[in-house]
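Undergrad: Sequence:
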Amino acid sequence: MATILVVDDEDGVRSFLADALEADGHQVVQAADGAEALTQVATKSFQVVVTDLKMPRVDGLELIRRLRGDQIQSEVIVLTVHGTVDSAVEAMKLGAFEYLQKPLSGPAELRLLVGRAVERYQARLAREVA
1 MATILVVDDE DGVRSFLADA LEADGHQVVQ AADGAEALTQ VATKSFQVVV
51 TDLKMPRVDG LELIRRLRGD QIQSEVIVLT VHGTVDSAVE AMKLGAFEYL
101 QKPLSGPAEL RLLVGRAVER YQARLAREVA
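Following the working numbering, the numbering of the sequence shown begins with 1 at its first residue and continues without gaps.
Calculated directly from the structure, the hints in this document are not laboratory data. Mixed in with the good hints there might be a few duds.
As the list claims (entries may be wrong) - Simulated crosslink set (DSSO-like; lysine-lysine; CA at most 30 Å straight-line):
(1) K54 x K102
(2) K44 x K54
(3) K54 x K93
(4) K93 x K44
(5) K102 x K44
Claimed, not checked - Taking CB as the label site, the calculated pair distances span:
(6) G12 x T84: 30 to 38 Å
(7) V85 x V129: 35 to 43 Å
(8) D11 x A123: 17 to 25 Å
(9) D86 x L125: 26 to 34 Å
(10) G25 x Q73: 16 to 24 Å
(11) V81 x A130: 37 to 45 Å
(12) E22 x P103: 16 to 24 Å
Quantities reported herein were computed from a predicted structural model and do not represent experimental measurements. C-beta atoms are modelled at their ideal positions from N, C-alpha and C, and glycine is treated no differently.
Go ahead and model the full structure; you've got the sequences and the hints to work with.
TA: Below, the structure written as structure tokens:
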């Protein structure tokens, strides 16, 4: 399956997301905030990054900016309780794959969304190689 980075400053949420994705066969690495996530992406490649929006040190939007600035092509899914139209528009302009409000309806919704993001990542790689 895919290698996924889950970024959330709430331990319980981060663990729930990681457990749901691992149950679907994905390899999951966890980060407590955007700064820790940037350390992870410097040493490992991820097909998908699932990130919270509001976090200490480096928030979700800044994380996307830095990923794109470093030419990291991971698909990014933003999950947030603090969603606004402005932050959703900004996330999508920065190249987020999806922007969703927490709570999700359940693990199945997350798995489906991540599966679609992985497909998009793989399709993009195939086009670049061709």
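Undergrad: Of the hints given before, which are not true for this structure?
TA: 6 and 8
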